[in-house]
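Start from the sequences, fold in the hints, and give me the full structure.
Residue numbers (our numbering), protein chains in the order written: chain W, 1 to 157; chain H, 1 to 294.
For the record, the hints were derived by calculation from the structure and aren't laboratory data. Accuracy of the hints is not assured; some may be wrong.
To give an idea of the interface, some chain H residues facing chain W are shown, with a C-beta separation under 10 Å as derived from the structure [to be verified]:
id, residue
1, Ala18
2, Phe26
3, Phe33
4, Phe37
5, Phe41
6, Pro44
7, His90
8, Glu92
9, Cys240
10, Arg241
Fair warning: this is a prediction, and the values are worked out from it, not measured in the lab. For each residue, glycine too, the CB sits at the ideal point set by N, CA and C.
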Amino acid sequence: MNEPRFYFALPRLLSKMRGGNTSRAETNATEAWLVGTGIYGVSYLYFAGYLSAISSWWLFGLLLVVLAFGVCLFWLLMFYLNSLILKLLHRVYLFRTIPIRRGQSVLLVTVGTAMAAALLQRGSFVSEIGAIWLTATAMNLVAAAILAFSNGEPARQ
Amino acid sequence: MNRFAVKGIFWRNYLDWAVVNLPFYFYPVPLTFFTIFFFFFAAPARRAIVANLAVVLPGSSRAANHFRAFRVLYNFAWTISEAAIYRLLHEEFSYEIAGAKWLEELGGAPGAIVLTAHMGSYDLGAALFAEKFHREIRVVRAPEPHRESAEHLSASLEGTGETGVKVDYNTAGALLSFDLLKALRDGEIVSIQGDRVEGEVAQISARLFGSEAKMPNGPFVLGLVTQTPIYPLFITRTGCRRYRIIVCEPIRLHPSGNRETDIGRGVADWCTVLEEIVAGHWDQWFAFTPLFAR
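Written as structure tokens, this is what we have:
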């Protein structure tokens, strides 16, 4: 009962290699914090890059604080728009077997990865963070493929 | 504008939408931001938490209690979100039981009162109880200030435990008392939140953390009249979708001929249990109204 279970393919694969449980579970707070703040951090840095042209330091600092809330609102708006798109797709009998949250997850990771790729072009520590995100995403995709082939189960299970 | 008030229907609907639409690993982000938002905009609740904590944690500084109030609101955000997840997505939850002996006894009791507090996920607890013991539980709650919110809450609570949970609102007047009296005599389980008084319901003064506080005397009157045991029960959140159900030794009220004394004794026993639990879990005590007399 106390055996840790994971949501993402990479920790599930690592768990499998250690003889643990590979079934997907949404009960791991560490995972949620790590990925949630990761996505938030990448998108925050992405938008903050557009503020670097501001020469006034106090205005720059103020906008960074406002941006912290703005990024959260941005994602909530993205989720809302995506929910409309998913509804439309379901209505025309497309992707009906994919749960809404899984569809939202695809959006979240795709946009987050696109932002991370943009961070790579910027130099300094920001590009390192972008690289870490891209590497982690690639490793997770590979792990999902390995799990799917080794279990004979779809990666989403 | 009532829809957008802190206790308005907008936020409840939004939470339901977010639970269905947001991936679980993104929850920490909006929950943190909504906690910051409500920390500032739900000022009366914040002030009440700070005032209550000053009594619960004597010697604590006002500044530190503001940080603690943030923690209480943050825990509240997680708790109501997880209750919505349980209700809407039927995801798996795990729980451990402290006082299993008392819980088993309660599950088989021919009529009992569950006395609980605004702590952890009492909604989830009622649903889990009804599911585990296949028994109906009547949950008595303080009325919601907004009609739509009350309807939403009733629907969600009654839906959580499928048909096992029934919600009654504790309003002034004797009608509910008779209902509950009959329910207990028919062998039902009635759950009442006994850590604060809201509205014009019957109340009694008690000593809690060395200060005077008003407690509802309804549960104790019912326990005395029907001679049913009163089980103090609390649900605390121990981690991501993990809960602890704490059941304490029941309070039994024996008629001595003096009703006031009997009830006073029951209330004092309840306050002792409540103090012990709240002292250990102050960060999950969702007491958003001032409880202690100045």
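Comparing the hints with the structure gives:
no., hint, result
1, Ala18, "holds, 8 Å"
2, Phe26, "holds, 5 Å"
3, Phe33, "holds, 4 Å"
4, Phe37, "holds, 8 Å"
5, Phe41, "violated, 13 Å"
6, Pro44, "violated, 23 Å"
7, His90, "violated, 12 Å"
8, Glu92, "holds, 7 Å"
9, Cys240, "holds, 4 Å"
10, Arg241, "holds, 5 Å"
When each numbered hint is compared with the structure, violations occur for hints 5, 6 and 7.
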